[in-house]
Amino acid sequence: MIDMILVPGSDREMTAVTDILRACEEEGCPPARMDDIRTAVREACLNAMEHGSGEGDPPTIRAVVSDSSVSVEVESGGEEFDIPESRPSIWQRILGTKPARGWGLFLVKGLADDVTIHHRKGRNILRMIFHFHQSQGPSHGTT
Amino acid sequence: MAQPEGEQTPAFSVWAEVAATEVIISLGGDISSEAEKQMTEAFAESESNKVPALRLRFLPGVTMTSSGIAVLITMTSRARKRRRRVVVEGLSPHYRKIFDMIGLSKFVTIEE
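Going down the list, the sequences are from chains E and L.
To convert, take the position in the first sequence, counting from 1, and add 53; that gives our numbering.
To convert, take the position in the second sequence, counting from 1, and add 253; that gives our numbering.
If we strip away everything but chain E, and leave its shape as in the complex, we get (with noise of 0.2 Å):
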């Protein structure tokens, strides 16, 4: 099990991914799943680190690795936020008509197997489950 701290302001988040990329490799993870998983564990820690810290309370960042997938949660305050229900506009980016940023959410639930968030006493917990080798297509929901 992986468990961490994410420190804003720091490059934490890396590590993590680090640690967890490691452990799915010596579970034989194939290399394309890898770059899924970086990704999207990456933007979901980047959003807790951004959005989620208050002060004495940081975001962190739990894993489990199986023989055959990987389960992540992260955890942080701040604002409720639940994953986009439908692809952001590029259309309206591309015109600059809104921002172009606002995709990592997005990234998160287009690269994991499934996606849940949960939100409990102020805290939002976001959890990932990523197949090394996948036969489903994924799920998403919010509680």
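Note that these hints are calculated values from the structure, not bench results.
Virtual Cβ for every residue (Gly too), placed ideally from N, Cα, C.
Take these hints with a grain of salt, some might be off.
Unchecked claim - Calculated from the model, a selection of chain E residues having no Cβ within reach of chain L, i.e. all distances over 10 Å:
#, residue
1, Asp88
2, Asp89
3, Thr92
4, Ser124
5, Ile136
6, Ile143
7, Gly175
8, Arg180
9, Gln187
What the hints assert, rightly or not - Derived contacts from chain E toward chain L, CB cut-off under 7 Å, selection only:
#, residue
10, Glu96
11, Arg146
12, Ile147
13, Gly149
14, Ala153
15, Arg154
16, Trp156
17, Gly157
18, Leu160
19, Gly163
Model the placement of chain L on the given structure of chain E, informed by the hints.
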């Protein structure tokens, strides 16, 4: 790109050069929010040239965050407003998939 050994974000690098028909912006390392200022400056310098195309050349081993992708979207938007074609070169299969996911590949020409 997928091996975790020694994985820390590689230093970002950017440089621009002008060819006969295009401005080439080469990007290496980790393209994240911290790269925004350098990328914006390189792009702004290239805008003074009136060549008809902008080529974004991704060097091997590039990684990107969504903030870095947002900067690329802004560059694409600005190039299109100047009627410049945007060509992307050197994208790994993973980032090609991400460009497809967000829809950016509809606005750029992707070359191998």
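Classify the hint on Ala153 (chain E) as holds or violated, based on whether any CB of chain L lies nearer than 7 Å to its CB. At about 4 Å, which falls below the 7 Å cut-off, the nearest Cβ of chain L leaves the hint on Ala153 (chain E) intact, so it holds.
Would the hint on Gly157 (chain E) stand, with a C-beta cut-off of 7 Å toward chain L? holds (4 Å)
Non-interface claim for Ile143 (chain E) versus chain L (Cβ beyond 10 Å): violated (4 Å)
10 Å cut-off, C-beta based - Thr92 (chain E) kept clear of every residue in chain L: The assertion about Thr92 (chain E) is violated, with a minimum of 7 Å to chain L.
Report holds if the minimum CB distance from Gly175 (chain E) to chain L is greater than 10 Å, and violated otherwise. holds (25 Å)
Does the claim that Asp88 (chain E) lies outside the interface with chain L hold up, using a Cβ gap greater than 10 Å? violated (4 Å)
Interface exclusion of Ile136 (chain E) relative to chain L, criterion Cβ beyond 10 Å: Holds, because the least Cβ-Cβ distance between Ile136 (chain E) and chain L comes to about 14 Å, which exceeds 10 Å.
Closest CB-CB distance from Gln187 (chain E) to chain L, is it above 10 Å? With a cut-off of 10 Å, Gln187 (chain E) remains clear of chain L, as the shortest Cβ separation is near 13 Å.
Quick check on Trp156 (chain E) please, does its C-beta sit within 7 Å of some C-beta on chain L? Hint holds; Trp156 (chain E) Cβ to chain L Cβ min 4 Å, cut 7 Å.
Hint Arg146 (chain E) vs chain L: min CB-CB distance below 7 Å? For Arg146 (chain E), the interface hint holds, since the closest Cβ of chain L sits about 5 Å away, which is under 7 Å.
Would you assess whether Ser124 (chain E), listed as outside the interface, keeps its beta-carbon beyond 10 Å of every beta-carbon in chain L? Fine: 18 Å to the nearest Cβ keeps Ser124 (chain E) off the interface.
So, as I understand it, the hint says Gly149 (chain E) touches chain L; can you test that by seeing if any CB pair is closer than 7 Å? The hint holds - Gly149 (chain E) has a Cβ within 7 Å of chain L, the shortest such distance being about 6 Å.
Going down the numbered hints, you'll see the structure goes against 1, 2, 3 and 6, while the others check out.
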